[in-house]
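Visitor: These are the residues of each chain, in order.
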Amino acid sequence: DVKVTQSSRYLVKRTGEKVFLECVQDMDHENMFWYRQDPGLGLRLIYFSYDVKMKEKGDIPEGYSVSREKKERFSLILESASTNQTSMYLCASSSPRTEYEQYFGPGTRLTVT
Amino acid sequence: RKEVEQDPGPFNVPEGATVAFNCTYSNSASQSFFWYRQDCRKEPKLLMSVYSSGNEDGRFTAQLNRASQYISLLIRDSKLSDSATYLCVVTNDYKLSFGAGTTVTVRA
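Protein sequences, first through last, are from chains A and B. Here the numbering used here is used: position 106 in the first sequence is 649, and no number is missing along the way. Here the numbering used here is used: position 21 in the second sequence is 49, and no number is missing along the way.
Same shape as in the complex, but just chain B (with noise of 0.2 Å):
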């Protein structure tokens, strides 16, 4: 079983949309808890942590659910820069472990 999966999508959705996924983690001891952005032919970027009590940045959301083992990320307000792969990510001791990614196309 992989340590964190992901669905891979593709999320198409217009511009202005909200779009949301998950994904899931198998440890239940992870520590820390994060998604990655990864543009076309790109290096992956941190986006942002995600914490228990769950996290905005500006029009992203990310919750922690450990009891379920799961993480989101959600879109409010799509901009046709949002479209990327986001890569979930969870760390034991000092790895980080990456899933597959979904990748979000945001249409004009």
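Excised from the complex, chain A in its bound form (with noise of 0.2 Å):
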């Protein structure tokens, strides 16, 4: 079974700090993404991540940043948190022979105060 974990399920930030969300993966897979998924809007993607160090930006990067040191783990970064950030942060992963099936985590939901 395919496991993608992330680091927290609930965080309150406050306005100009930085935050950084994890997410983990445990099949192996090349492609891992952050998204944010708000009401009526749908997911979003911010950043997306081919391979290890590598990274493009999704169709919202603004205010954030990304870093993949392993494989494994995909990290999404506030730089200084704002309260339009405040939103569901949920990341994926897949494998490129299934691009289209992305396996997600349970999701972190950020509130910026």
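Worth flagging that the hints you see were computed from the coordinates, not collected in a lab. Backbone N, C-alpha and C fix where the C-beta goes; we use that ideal spot for every residue, glycine too. Mixed in with the good hints, there may be bad ones.
To be verified - Taking CB as the label site, the calculated pair distances span:
#	chain 1	residue 1	chain 2	residue 2	range
1	B	S109	A	P582	19 to 25 Å
2	B	R104	A	K600	39 to 45 Å
3	B	N40	A	F563	36 to 42 Å
Unchecked claim - Only pairs whose alpha carbons sit at most 20 Å apart, straight line, appear in this in silico SDA-like list of lysine to any residue:
#	chain 1	residue 1	chain 2	residue 2
4	A	K546	B	K70
5	A	K600	B	Y122
6	A	K596	A	L621
Taking the hints as your guide, dock the two standalone chains into a single complex.
Guide: This is the structure in structure tokens:
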């Protein structure tokens, strides 16, 4: 069974704080993704990575950065959290052979006050 | 204009009923199409692929109309366990674009 885990289910941070969201997958997948999910907007891609130390911007990268030092781990960083970054953050991974099937983690509900 | 648009619903149906809903996509070059399912407070999971010829998976039937750029999902003989939000997904090259979802609630 594919497992994608995220470091926290719920997180509350203050405006201006630096926030780290961690994601780990155990299926040796090359591809990893970070999305945010907001009501009425669906999942929006923030960043993705096809290999270690490689990263590509998604549709809404502003205010975020990522790090992929190991194949199984993909971190999302909010350099200076703002209230409009309050959201559900979902990490996903996939294999290049079945790129359309992404396996998601349980999500982190981030609230920035 | 959003890349993928869905009627948010909710569709409230009794057990045993048939429910169907569509999603439209804006990029005519989109290559592949899928339905994902997301249960309340859970992560999305792949439900099924959508092929031009249409395809069935048990009580679920998916259709693709490339000319009109829409995808449909039909659920027959609805079960309580079908209550979920159904996400329409289209791919362009490597990237998946998700709709905001259609919520279906099946009542006893």
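Visitor: All hints are to be evaluated individually against the structure, with a verdict given for each.
Guide: Outcome of the hint check:
One distance hint, 19 to 25 Å for the beta-carbon pair B:S109 and A:P582, holds here, with the actual separation near 24 Å. Distance hint for B:R104 and A:K600: a CB-CB separation of about 42 Å, consistent with the stated range 39 to 45 Å. For the pair B:N40 and A:F563, the supplied restraint of 36 to 42 Å holds, since their beta-carbon distance comes to about 41 Å. For the hint linking A:K546 to B:K70, the alpha-carbon distance of about 14 Å falls within 20 Å, and the restraint holds.
For the suggested pair A:K600 and B:Y122, the alpha carbons sit about 13 Å apart, so the restraint of at most 20 Å is met. Among the hinted pairs, A:K596 with A:L621 is consistent with the structure: their alpha-carbon atoms are about 18 Å apart, no more than 20 Å.
Going down the numbered hints, you'll see the structure goes against none, and every one checks out.
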